[in-house]
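Protein chains: 2
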Amino acid sequence: MHPTDSHRLHAHLIGRQGSRGLLNTPALVLDLEMLERNIAAMAAFARDSRIGLRPHSKTHKSPEIARRQIAAGARGNCCAKLGEAEAMVDAGIGGLLITSPVVSAPGIERLMALVARSPDLMVTADHPDNVAALARAAATAGVVLSVVVDIDPGMHRTGVASPEATVALAQQIAAQPSLRFAGVQFYCGRHQHIESYAERKTEITERTAYLKGIVEQLTAGGLKPAIVTGGGTGTHAIDAALGVFTELQVGSYVFMDHQYNICDLRGDGGLPFEQALQIDARVVSANTPGMATIDSGLKSMATEAGAPPILAGVPEGTSFRFAGDEHARITFPEGASGPGIDAVVTLVPPHCDPTVNLYDAYHVVKGHTLVEIWPIAGRGRSR
Amino acid sequence: MHPTDSHRLHAHLIGRQGSRGLLNTPALVLDLEMLERNIAAMAAFARDSRIGLRPHSKTHKSPEIARRQIAAGARGNCCAKLGEAEAMVDAGIGGLLITSPVVSAPGIERLMALVARSPDLMVTADHPDNVAALARAAATAGVVLSVVVDIDPGMHRTGVASPEATVALAQQIAAQPSLRFAGVQFYCGRHQHIESYAERKTEITERTAYLKGIVEQLTAGGLKPAIVTGGGTGTHAIDAALGVFTELQVGSYVFMDHQYNICDLRGDGGLPFEQALQIDARVVSANTPGMATIDSGLKSMATEAGAPPILAGVPEGTSFRFAGDEHARITFPEGASGPGIDAVVTLVPPHCDPTVNLYDAYHVVKGHTLVEIWPIAGRGRSR
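Residue numbers (our numbering), protein chains in the order written: chain Z, 53 to 435; chain E, 53 to 435.
One should not assume that every hint holds.
Note: identical chains are not told apart, hence a pair may lie in one copy or across any two.
Each computed SDA-like pair below joins lysine to any residue, with the alpha-carbon atoms no more than 25 Å apart [as the list claims (entries may be wrong)]:
| id | residue 1 | residue 2 |
| --- | --- | --- |
| 1 | K418 | A157 |
| 2 | K253 | L323 |
| 3 | K264 | N339 |
| 4 | K418 | P158 |
| 5 | K276 | N339 |
| 6 | K264 | R99 |
| 7 | K276 | A217 |
| 8 | K418 | V396 |
| 9 | K276 | E258 |
Bear in mind the hints are in silico, worked out from the structure with no lab data behind them. These numbers come from a predicted model, not from an experiment.
Sequences are here, hints too, so could you generate the full structure?
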């Protein structure tokens, strides 16, 4: 049995020239050469900046991509959820950090089983009750669990609320024989997508001063954090220059998406990364002049970041509008004639992470030829 | 090996009293008694109204639910896409109608293989080129394919554009020995969610007059459609009263969701169906007074229909805001204290169909006890 529906449908097309056009649609397509250039570009940036990388696998959920990132120098991968980490450990990926707290009894039980298989796995925590529960479970399981204190940068999603609370939690961890204080996490999520580099830099500089104070306080108290982890594709250049983080949790750079494509990532107006992730769709109905309907709707891409730009297959100036769960309408500019039924149209995902989460596999292409199919092993593993 | 990640995590909880509280979250939960009452209520309505049901499986993507609908009297199920139909045929479900055109060469090849296994399967078409391609493929495969002409009700998504085009396409189908003209489809998608019953009725009555004229024209030409299929949960009472449809494609009534819960479905202000589909989430961080963070974000529910109402686990008046891919923030009313970490919070999906598409299984409960786990066999089968 093939591991995914995509393998079942498309394995016979691998290596056949021009086979991209024969994919059943909607299909999640990944341009291998662009992906490899993106991975190499971020790896070179990190080497030049003398900073570590622990790329976030919540973007790609793929052991194949994690392996390539690690081969290029990354320390491992971050995982948003325990289920994603299980998928990575199953595939032999090490150096994992779970970036959200694991608080439930069944979750903590699974976490201990995972640490037994992958001893360098780390988890974040932000509450004394959770640390106490982790310590008890690790002692019972006979493992030593590495815990990273998550610090709230002011957006009130997760994290401890003050420098004092950070120090107290680090002390609580360090005092437990079944736990190891591994460092701190500081993730400015909402700052990643500020379009202007200058504005992003001002805000991140201010936030990072707060982090720096906490790191100094911890160090003075004999709890120097071995890792200071955080940052993302939107702030990587700023984070590296400020010199407080020891490693970056960059995720979206591997694929890029429309949200990041409109951000000035390096402050020079350039685009350091390429749009490797695409969706191929097909025209299924074209009975009304000036428009056509394609087979990709709310079930084929995340919708909270707006409509996807259209990369290929339509006249310049064509617009996109969702038309229900299964379809979208493309409208051609005045006077232009558009593609007829069965024509392929290529879209750019508005927001890559939750779009990837809708598909079972990447259709990896070189030019117009399907070269590999990679399962999205962490798809739906949000728990 | 268990068929889903949910089985792996939770099969041992089946039948254990109170086991709903032990589910790893986010979990898609289905209240079995509500589901059964919803199925029975729509079946009784159809019997009383002397109209057929072919419920739409794009909502549930589950052979278990299809089987219950058919046991209650339905003729089969509709499927939005070929991939969903394959999943249903794999599970032994018959009486299928694919409600979107299948236009690509690889899709048509799969369609013929499916008809060979499930001879009563029907597909919609809206273009002469597509009908010609279907006829050629069916002749080559040695099958007779039943084709339903899809008529555009004016929303320009799919369907032929005029009465004349309907008749011409029906004639083209009837003239092919490898095809059978099975009837017409007419789906007023955007009308389903008009909140006021009176407004919805006015619009649907007008649209249905157009459909009635086409049916009369076909009948006069010796092509009386055996089925006239369409309608949905939002218009079922109006459609049945108008007497033009022979069967209804109701989908969301099995679960209900927030979008439909605010619609007056029968014109009497009552709620004929219950909120059977729910999402259980957990508080993972609670360090800021007046708010908490739960483990359900953009990857746990469809977002295009707004925020989910909170059904249980929080003080009255608590609000919800998405906070990224993996999290949401719940904010308590002034002065109220909310749940702490590890507490379970139950949400109502804003829009059921694309939410179901994010999960591998239903956690079927009776009261607070997990009683079954049903795989979502059609999940992600959008092609």
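(message) If the cut is 25 Å between Cα atoms, do K418 and V396 qualify within a copy, between copies, both or neither?
(response) within (17 Å within a copy, 46 Å between copies)
(message) My question is about K253 and L323: at a cut-off of 25 Å on alpha-carbon distance, are they close within one copy, between copies, both, or neither?
(response) The answer is within: 17 Å in one copy meets 25 Å, while 52 Å across copies does not.
(request) Measure nothing new, just compare the shortest in-copy and cross-copy C-alpha distances for K418 and P158 to 25 Å and report within, between, both or neither. (result) For K418 and P158, only the inter-copy Cα distance (21 Å) is at most 25 Å; the intra-copy one is 43 Å.
(message) Regarding K276 and A217, is the shortest C-alpha distance of 25 Å or less found within a copy, between copies, in both, or in neither?
(response) Close inside one copy (15 Å), not across copies (76 Å); limit 25 Å.
(request) Classify it for me, K264 with R99: is the Cα-Cα distance of at most 25 Å met within a copy, between copies, both or neither? (result) Within one copy only: 22 Å inside, 70 Å across.
(request) Tell me, please, which holds for K276 and N339 at an alpha-carbon limit of 25 Å: within, between, both or neither? (result) between (67 Å within a copy, 23 Å between copies)
(message) Treating 25 Å as the Cα threshold, decide for K276 and E258: within, between, both or neither.
(response) Within one copy only: 22 Å inside a chain, 73 Å across chains, cut-off 25 Å.
(message) At most 25 Å between CA atoms: does that hold for K264 and N339 within a copy, between copies, both, or neither?
(response) between (61 Å within a copy, 21 Å between copies)
(message) Treating 25 Å as the Cα threshold, decide for K418 and A157: within, between, both or neither.
(response) The answer is between: 22 Å across copies meets 25 Å, while 46 Å in one copy does not.
Every hint from the earlier list agrees with this structure, and none is contradicted.
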